[in-house]
Amino acid sequence: MPMLQPPPAKYGGRHTVTLIPGDGIGPELLNHVREVFRFSCVPVDFEVVHVNSALETEEDINNAITAIRRNGVALKGEQPLFLCASQTDTSLDLYANVMHCQSLPGVQTRHQNIDIMIIRENTEGEYSSLEHENVPGVVESLKIITRNNSLRIAEYAFRLAREKGRRRVTAVHKANIMKLGDGLFLQCCREVASGYPDITFDSMIVDNTTMQLVSKPQQFDVMVMPNLYGNVVSNVCAGLVGGPGLVPGANYGRDYAVFETATRNTGKSIADKNIANPTAMLLAGCMMLDHLKLHDHASSIRNAIFTTMNENRLHTADIGGQGTTSEVVQSVMRIIQSKGQLTAEF
Amino acid sequence: MAGKAWRSAILNLLGKLGLSINGKDKIKPQEVSRVVSAFKNATPQSRTFTQGMQTVTLIPGDGIGPEISVAVMKIFEAAKAPIQWEERNVTAIKGPGGKWMIPPDAKESMDKNKIGLKGPLKTPIAAGHPSMNLLLRKTFDLYANVRPCVSIEGYKTPYTDVNLVTIRENTEGEYSGIEHVIVDGVVQSIKLITEQASQRIAEYAFEYARNNQRASVTAVHKANIMRMSDGLFLRKCREAAEKHRDVKFTEMYLDTVCLNMVQDPTQFDVLVMPNLYGDILSDLCAGLIGGLGVTPSGNIGANGVAIFESVHGTAPDIAGKDMANPTALLLSAVMMLRHMGLHGHAKKIEAACFDTIRDEKVRTQDLGGNSKCSEFTDAICQRVRDMD
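Note that the protein sequences, when read in sequence, are chains A and B.
All residue numbers for the first sequence refer to UniProt numbering, where the first residue is 1 and numbers rise by one.
All residue numbers for the second sequence refer to UniProt numbering, where the first residue is 1 and numbers rise by one.
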């Protein structure tokens, strides 16, 4: 399988990335990301593509997808209707949705020391959108599991685990009930696991998994699963580490990568009030910088964010504080500057 | 009485009950007994209410099943609950025609009593027959699985003040069992949502909320992705909401529920959902209050049948060693008492159980103590007797 290559730097060492602001808190938070990038002299230029969900047309949608194809990398806010996961992910074949849930030391939660990577198959499963009503009052919805996609996602999971030095991969399934579908998924995971003897492989049924997550989440390392369970487990884990404002997410395909907040909430009710938590979006930006191999920039911004999180008075409302979005962003920039790196005017 | 007068007397009596016999002119004894037993089944209350005692079918189950059932029976006796137990075994047998079924005496007992209490059943892997739970579900059309999740004071978990109920549609959805291999390497599983089943579960959810003084019902779905199937489910919930204006109705996406549930479970009241989401969420909620060892569960079926059960496993490693924790089965039995309207006894037994756990002096191993099952049971019995 070809290695994931970032797109070549466009000109003069600067990358171009597609930016899709989306709705709700998306535009506000993405502006902050640009602010921080500009301040830290990150060599990334953004090509902004608007898809107004109120007026979206087929053309708009195609433009956005083309822009992502052109640049290979995108950073986006959430759209309620279009660019809804299933559509973009399938047309760009962004088959792996990756979420890294880590307990942040400065944030108060019921459970500590959580460090879970969740890899979710992003193109098939229950979200195939194949439904029909053959008889009135009886609806059938098809869940498709294929050998190819299952092998692909399992391969991705094990490779990532090895790359990041993780010890254990757990496959989440319901193969005792969906014997053929999830059975196939599990079998594929086992096959791939045999090629990685240095990594322990086990499996767990999805209902037991959620029960274990709320009582002992520290037992999990890397988890791989089909689409729907991925949705459930991602959201449970995001909630466990402190909520949707803290966790970034990434969607990887063979040729493209799209970064966003992990739990895809539009946050319409808190938009433009300077109370949203910029952490998730900023961390998504850092994931993108790592993908572009701009590791130094990624680390410096990330460390500044974690240091900021240690200050209770800078916590936003969603994690129990009273700080504003701009206070958090200012603090991040101040910390970056204090480390003596090259920065723009404040 | 002379033949004709006897015949017409019977016909009159049956006519009053809305029953009739074929071939009216020649009444055979078998026909009469068949109709009279039908008459018996049509009015269960009057028959089971001998001396105020109600008969309940008890299925002890496997592994630790028998010992926790004994514990529950002891506690009920100490509480002087008006319950008579009829023990039955439900190991699958092959009926005529080669179809697997539950033993006829078990079925007859359940049909007669309508209420059952069940311990854990083991599902043997290569026995060739489907799981016993599935068989019971199909036999009695147990369409609603109800799990009240209430934080147990005295058993600390990271979550406090949990007080919600999950109501899960239990007959269709993703567990229809319909799967095909389309071509080699491509499998299709069918999720079935029908108008009838969705309506039935939605109605039940609102009835339950009403009967148990719950303020709101939330439908959990993914209709933004599964537009037709979850869309149908949601529509039926909305319709049922219209008919029960006194109960508040909200809708929430499955992922949002998961996200919010682990941050603040107190915002949820009654949740109603299709099969798969229900499976996941009900176990998640059980995890919030302490796991399957302390969670009660009830299955409601058609024709007034209700089977209450503990949902934990058979724990073969501790079976017969007097180490088991009867809390889950006991709380399910309490749920059963409430279902039967015996609220006084339910309250008494529940309070005794919670007090004993809170007291921390006699706790079974799984709750962090080192008492025996019998000691725990006796402690509860003592408290119950002291309450009188």
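Accuracy of the hints is not assured; some may be wrong.
Unchecked claim - Label-pair ranges, simulated between beta-carbon atoms:
1. B:E87 with A:D115: 22 to 30 angstroms
2. A:R69 with B:G98: 40 to 48 angstroms
3. B:G177 with A:R14: 32 to 40 angstroms
4. A:Q218 with B:N212: 50 to 58 angstroms
5. A:H111 with B:A351: 45 to 53 angstroms
6. A:S129 with B:G98: 34 to 42 angstroms
7. A:R159 with B:V186: 23 to 31 angstroms
Unchecked claim - Which residues of chain B face chain A? A partial, calculated answer using Cβ under 10 angstroms:
8. S8
9. K122
10. I178
11. V186
12. I193
13. V247
14. E251
15. T256
16. M261
17. I280
18. C285
19. V305
20. M340
21. L367
No lab work stands behind these hints: they were computed from the structure.
Note that this is a predicted model, so its numbers are computed, not measured.
Glycine is no exception: its CB is placed at the ideal position from the N, C-alpha and C atoms.
Hint check results:
1. Range check, E87 of chain B to D115 of chain A: Cβ separation about 50 angstroms, and the 22 to 30 angstroms hint is violated.
2. At roughly 58 angstroms, the beta carbons of R69 of chain A and G98 of chain B sit outside the given window of 40 to 48 angstroms.
3. Take G177 of chain B and R14 of chain A: their Cβ atoms lie about 56 angstroms apart, and the range 32 to 40 angstroms is violated.
4. The hint said 50 to 58 angstroms for the Cβ distance between Q218 of chain A and N212 of chain B, and at roughly 36 angstroms that hint is violated.
5. At about 31 angstroms, the beta-carbon gap between H111 of chain A and A351 of chain B misses the expected band of 45 to 53 angstroms.
6. Checked against the hint of 34 to 42 angstroms, the pair S129 of chain A and G98 of chain B passes, with Cβ atoms roughly 40 angstroms apart.
7. A beta carbon spacing of about 24 angstroms between R159 of chain A and V186 of chain B agrees with the range 23 to 31 angstroms that was offered as a hint.
8. Below 10 angstroms, beta-carbon pairs count as interface contacts, and S8 of chain B has none with chain A, the closest being about 46 angstroms; its hint is therefore violated.
9. Interface hint status for K122 of chain B: violated, as the beta-carbon distance to the closest one in chain A is roughly 14 angstroms, over 10 angstroms.
10. Residue-level restraint check for I178 of chain B holds (minimum Cβ-Cβ distance to chain A is 8 angstroms; threshold 10 angstroms).
11. This hint holds: V186 of chain B has a C-beta 5 angstroms from the nearest C-beta of chain A, less than the 10 angstroms allowed.
12. At its closest, the beta carbon of I193 of chain B sits 5 angstroms from a beta carbon of chain A; the interface hint therefore holds under the 10 angstroms criterion.
13. A distance limit of 10 angstroms between C-beta atoms decides the matter here; for V247 of chain B the minimum to chain A is near 25 angstroms, and the interface restraint is violated.
14. At a threshold of 10 angstroms, the smallest CB-CB gap from E251 of chain B to chain A is about 15 angstroms, leaving the interface hint violated.
15. The closest approach between the C-beta of T256 of chain B and any C-beta of chain A is roughly 7 angstroms, which is under the 10 angstroms cut-off, so the hint is satisfied.
16. Evaluation of the M261 of chain B hint against chain A yields a held restraint, the C-beta minimum of about 7 angstroms falling below 10 angstroms.
17. Hint status for I280 of chain B relative to chain A: holds, with the closest Cβ pair at about 5 angstroms, below 10 angstroms.
18. Interface restraint check: C285 of chain B against chain A, minimum CB-CB distance 9 angstroms, threshold 10 angstroms, status holds.
19. Interface hint at V305 of chain B: violated, since its Cβ lies 23 angstroms from the closest Cβ of chain A, which is beyond the 10 angstroms cut-off.
20. A distance limit of 10 angstroms between C-beta atoms decides the matter here; for M340 of chain B the minimum to chain A is near 29 angstroms, and the interface restraint is violated.
21. Taking 10 angstroms as the C-beta contact cut-off toward chain A, the hint placing L367 of chain B at the interface is violated, the least distance being around 13 angstroms.
Checked against the numbered hints listed earlier, the structure breaks hints 1, 2, 3, 4, 5, 8, 9, 13, 14, 19, 20, 21; every other hint is satisfied.
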